[in-house]
Amino acid sequence: MQNRVLSDLLESEDKLTLRARQVLMVAAGILLLAVAAKIKVPMWPVPITMGTFAVLAIGAAYGARLGLVTILGYMIVGALGLDVFAGSSAQTFGLTYMMGGTGGYLVGYVLATVVLGVLAQRGWDRSVGWMALAMLMGNAVIYLPGLAWLGQLYGWDKPILQWGLTPFLIGDVIKLALAAVLLPGIWKLIDRARG
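Numbering-wise (my numbering), the sequence shown opens with residue 35 and increments by one.
Worth flagging that the hints you see were computed from the coordinates, not collected in a lab.
Among the hints, a few may not be true.
Only pairs whose alpha carbons sit at most 30 Å apart, straight line, appear in this in silico DSBU-like list of lysine-lysine [as the list claims (entries may be wrong)]:
1. K74 with K192
2. K192 with K72
3. K192 with K49
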């Protein structure tokens, strides 16, 4: 059985109204992803960016289908050259940036959005424990193609794990804990409001 995700709360009987809301949600999601990618919280050994948090949260809140449309929209906007990625800049943007060291992680973003959407549709976003496990799985789905692409791009003789995994683990644990509390907390507030 498929559970409702947060975006389902905006359902409408009128198909036109529903489609308009979905378009607005996709646009808002793309904007959220772009803003979150640029947020850098000072941390050791590397600053924490909120991009992965936004990717995983949108997957859980939007579900697999709407989440996929949103993340693909974000990728298209980035491919067109808009400065929406964490490390993109006026000098490196668009497909050039996407084919660089970050390319595998961007593929992981798409896959993780779908994974989190599917897990949320199974009710994993309702409890802290299940949401933490879902976030852990989502992070793994981001890292696998990311590290594989780094190895392919730069060679497996390089310190791929030191470049693309270990510096980010502390920040990922913090983001995982935040999402594991936030999404089930939102559901509790909604359930209370409904009485």
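So which of those numbered hints doesn't the model satisfy?
3
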